[in-house]
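Enquirer: Each chain, written out:
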Amino acid sequence: MTERRVVITGMEVLAPGGVGTESFWNLLSEGRTATRGITFFDPSPFRSRVAAEIDFVPEKHGLSPQEVRRMDRAAQFAVVAARGAVADSGIELEGYDPYRVGVTVGSAVGATMGLDEEYRVVSDGGRLDLVDHRYAVPHLYNYLVPSSFAVEVAWAVGAQGPSTVVSTGCTSGIDSVGHAVELIREGSADVMVAGSSDAPISPITMACFDAIKATTPRHDEPDRASRPFDGTRNGFVLGEGAAVFVLEELDAARRRGAHIYAEVAGYATRSNAYHMTGLRPDGVEMAEAIRVALDEARMDPEEIDYINAHGSGTKQNDRHETAAFKRSLGRHAYRTPVSSIKSMVGHSLGAIGSIEIAASALAMEHNVVPPTANLRTPDPECDLDYVPLTARDQLTDAVLSVGSGFGGFQSAMVLARPERSAA
Amino acid sequence: MSTRVVVTGLGVVSPNGLGTEDFWAATRSGKSGIGRITRFDPSRYPARLAGEIPGFVAEEHLPNRLLPQTDRMTRLALVATDWALADAGMVPEDLPAFDMGVVTASHSGGFEFGQNELRKLWSLGSRHVSAYQSFAWFYAVNSGQISIRNGMKGPSGVVVSDQAGGLDAVAQARRQIRRGTALIVSGAVDASICPWGWVAQLAGDRLSTSEEPTRAYLPFDGEARGHVPGEGGAILILESEEAARVRGARIHGEIAGYGATIDPPPGSGGEAGLRRALETALADAGVRPEEVDVVFADAAAIPELDRTEADALNTVFGRGAVPVTAPKTMTGRLYSGAAPLDLAAAFLAMADGLIPPTVNTEPLPEYGLDLVGPQPRPAEVRTAVVLARGQGGFNSAVVVRAPR
Amino acid sequence: MSTKEFTLDDLKRILRDSAGADEAVDLDGDILDAGFEELGYESLALLETGGRIEREFDITLDDDVLVSAPTPRTLIAAVNNLLGTDVAV
Numbered sequence: 001m002t003e004r005r006v007v008i009t010g011m012e013v014l015a016p017g018g019v020g021t022e023s024f025w026n027l028l029s030e031g032r033t034a035t036r037g038i039t040f041f042d043p044s045p046f047r048s049r050v051a052a053e054i055d056f057v058p059e060k061h062g063l064s065p066q067e068v069r070r071m072d073r074a075a076q077f078a079v080v081a082a083r084g085a086v087a088d089s090g091i092e093l094e095g096y097d098p099y100r101v102g103v104t105v106g107s108a109v110g111a112t113m114g115l116d117e118e119y120r121v122v123s124d125g126g127r128l129d130l131v132d133h134r135y136a137v138p139h140l141y142n143y144l145v146p147s148s149f150a151v152e153v154a155w156a157v158g159a160q161g162p163s164t165v166v167s168t169g170c171t172s173g174i175d176s177v178g179h180a181v182e183l184i185r186e187g188s189a190d191v192m193v194a195g196s197s198d199a200p201i202s203p204i205t206m207a208c209f210d211a212i213k214a215t216t217p218r219h220d221e222p223d224r225a226s227r228p229f230d231g232t233r234n235g236f237v238l239g240e241g242a243a244v245f246v247l248e249e250l251d252a253a254r255r256r257g258a259h260i261y262a263e264v265a266g267y268a269t270r271s272n273a274y275h276m277t278g279l280r281p282d283g284v285e286m287a288e289a290i291r292v293a294l295d296e297a298r299m300d301p302e303e304i305d306y307i308n309a310h311g312s313g314t315k316q317n318d319r320h321e322t323a324a325f326k327r328s329l330g331r332h333a334y335r336t337p338v339s340s341i342k343s344m345v346g347h348s349l350g351a352i353g354s355i356e357i358a359a360s361a362l363a364m365e366h367n368v369v370p371p372t373a374n375l376r377t378p379d380p381e382c383d384l385d386y387v388p389l390t391a392r393d394q395l396t397d398a399v400l401s402v403g404s405g406f407g408g409f410q411s412a413m414v415l416a417r418p419e420r421s422a423a
Numbered sequence: 001m002s003t004r005v006v007v008t009g010l011g012v013v014s015p016n017g018l019g020t021e022d023f024w025a026a027t028r029s030g031k032s033g034i035g036r037i038t039r040f041d042p043s044r045y046p047a048r049l050a051g052e053i054p055g056f057v058a059e060e061h062l063p064n065r066l067l068p069q070t071d072r073m074t075r076l077a078l079v080a081t082d083w084a085l086a087d088a089g090m091v092p093e094d095l096p097a098f099d100m101g102v103v104t105a106s107h108s109g110g111f112e113f114g115q116n117e118l119r120k121l122w123s124l125g126s127r128h129v130s131a132y133q134s135f136a137w138f139y140a141v142n143s144g145q146i147s148i149r150n151g152m153k154g155p156s157g158v159v160v161s162d163q164a165g166g167l168d169a170v171a172q173a174r175r176q177i178r179r180g181t182a183l184i185v186s187g188a189v190d191a192s193i194c195p196w197g198w199v200a201q202l203a204g205d206r207l208s209t210s211e212e213p214t215r216a217y218l219p220f221d222g223e224a225r226g227h228v229p230g231e232g233g234a235i236l237i238l239e240s241e242e243a244a245r246v247r248g249a250r251i252h253g254e255i256a257g258y259g260a261t262i263d264p265p266p267g268s269g270g271e272a273g274l275r276r277a278l279e280t281a282l283a284d285a286g287v288r289p290e291e292v293d294v295v296f297a298d299a300a301a302i303p304e305l306d307r308t309e310a311d312a313l314n315t316v317f318g319r320g321a322v323p324v325t326a327p328k329t330m331t332g333r334l335y336s337g338a339a340p341l342d343l344a345a346a347f348l349a350m351a352d353g354l355i356p357p358t359v360n361t362e363p364l365p366e367y368g369l370d371l372v373g374p375q376p377r378p379a380e381v382r383t384a385v386v387l388a389r390g391q392g393g394f395n396s397a398v399v400v401r402a403p404r
Numbered sequence: 001m002s003t004k005e006f007t008l009d010d011l012k013r014i015l016r017d018s019a020g021a022d023e024a025v026d027l028d029g030d031i032l033d034a035g036f037e038e039l040g041y042e043s044l045a046l047l048e049t050g051g052r053i054e055r056e057f058d059i060t061l062d063d064d065v066l067v068s069a070p071t072p073r074t075l076i077a078a079v080n081n082l083l084g085t086d087v088a089v
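Chains as they are written, first to last, in the UniProt record's numbering: chain V, 1 to 423; chain F, 1 to 404; chain G, 1 to 89.
Don't take every hint at face value.
As a list, the in silico DSSO-like pairs of lysine-lysine whose alpha-carbon atoms are at most 30 Å apart [unchecked claim]:
no. : chain 1 : residue 1 : chain 2 : residue 2
1   : G       : LYS12     : F       : LYS120
2   : G       : LYS4      : F       : LYS31
3   : V       : LYS315    : V       : LYS326
The hints are simulated quantities; they were obtained by calculation from the structure and are not laboratory data.
Based on the sequences and whatever the hints tell you, model everything.
Expert: Below you can see the structure in the form of structure tokens.
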């Protein structure tokens, strides 16, 4: 029995710089940045005061007043992206057995924004230990448990198959798609609406990243604050957003004449079992995830045309990741363009993995490799080709996208053209 | 033929028993762990009962360095993992690191830890927020901390599907073993009995407001009026049957089948997805309904949901044709920890030839269920079903089989 | 300005509170010149510790002080330097 192959046939991206896949790709291909001084709240007490925010008016994207009211911002992103992805795929889900259509939504921190705000209210500004239930919004339970995101997406697209939220910190966005691919391969679902969403730009998130000095304090140059692989980098820029895909089995997609962006050819996740926030410089575990993902794709390292890096803009990450690429791809690592779109759209925690998968698929679609913005000062310890400043035209048939997160999770996904000869 | 996946280790942290032995002794004899909340003064809230774990002193079990950075539920999960590995006769150092993974479910993360940091943020200012807040409250923390403590570098994961998540995690663990990983630590432990967690749970509108521990959580009863929440759960060690046999491990039983669905939106008129999840799990296990010896019910204790569950059971098994039990009437609902605890109870029932009781509840005859009463029922248990549902409409079912 | 002094006892108290103590290490022993890593404290524990020192003593430590102050003696000196308290430890 040959294993079912899974392809991406629809996508929608909500990223800083513009809602929608087209504005997202324009931003990336032009090498523009969407990081700015925080406008959501007064950032002056914080060490880091920059973020990549989305100018998002939910009503403009088809959400009803009830939906806006009961959903945290991250859930709103997820629903808008899911509807957009289904529309983009041209799939008519009404014709499917709803039990064969499932949902996975990745999110690292769930309804953090809603929880932060509601705690402030029920605790009366932190004064009450015994917080007052009489001031709680009726949908507070949906903030408590972020599986409400998967519920909202399932309702929005009419899915009744296996549905869940995948929450593996900053690799959630890759793992959510990987989980969905596994469900289709094993035959538990025929179509998966899968992606991820996070909206973490709130005081509690800024405060905890301040405490570990993980976010950049470069607020004098907000549009140049995110500098992955640059010698002057000093932390990441928090972002927000969502990307959702329609995944289906290759033959079914071909039968209905669907546009195929890419095949999800390989996926793996491994843990460093080392530290909740720290990384060893050797990159062994990420390299192992990459090796297994390539193995699953039945591809050699030499077939990878572009690496979409985690590239968060912390010294620790950039060295870890560079080592992982060399360890897993050998000499080919030096010949392969590597870039981090976090330089432009920031780091949206659990969402970014899916947003980067979208960027990878679009790189294949346009045969253009997005750049690493703000990379002007080389770091001798990061000696690969990081595509500084300007996008590059290049035939791109296969992409490796990786992620690394708190908890020690390291994930890798390989996208390729389904008609490639090796398969 | 898919690889058979078996459970070789159990680690239980339950309101009515800390450790598998205490839990099973209490559960067999109908001993409840439900009482008035002691962790904070619940007088001002409409619901005041919970299943709290008494006598858990983290300092006795865990390195001191871990304590400042962990929520209660993480401490419980780490200890349950130690116990599960010991029960499996497994020393993590003996296996290659990449051959062991951790897949857990979470419900609300380290919510009490988060509560304390939110209080500092809003009352004292952002500089007072702990560095540990960056991970101690998030949903992935248990999988991360378990993998670090035990040196497990294989595939890991975290799922959140409200109270159905515990079964979804075990299914994902089984998937990873079938893809070639030797051992996966799975299951779930939850705890959010703190004022902020309580207020958020009250908003869910499913908590019982009764003040009598024996009358508060009455699934399938005419007086069903919501549930009592609890804390705890179970951690399970999963391995391929072949690997377990090669190393001569004692096998508790097999994770034989799984199915999951989500309900259509409320008011759409569509059938709830529980029946389909159950049928999918049975088909996946290759088990006919008449082969099932007991069902561990979800037991929502909300009349409409009890009706849905009874209907699904009656449709699949026939009216009153299978014994049904809900030992969670003795612990309260442990969120994503509830179903893994039911899996543990199912394996213990197989070993003991005895179905654990359902306490306090007097089932409505119209549901047509053969609900096991307040006394345990002697029975040969070879095949069991565990059901779990989550708010928003999650339905998951797992079929377990006794060791061959 | 400040007459407050940051002592070894302050450091031990804050370390125990904010990061716990490794069972294999005797914090009450002669630790002034032991590396923090040797004492069982990695960067995250030191960040938490540094945060508490900052709040309690109302100072702001430079980003790299915890890296460049690898022993209790150097950290205590750095804190007292900020406090304007010139004490030898």
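Enquirer: Evaluate each hint against the coordinates.
Expert: Status of each hint after checking the structure:
no. : hint                : in the structure
1   : G:LYS12 / F:LYS120  : holds (23 Å)
2   : G:LYS4 / F:LYS31    : violated (56 Å)
3   : V:LYS315 / V:LYS326 : holds (17 Å)
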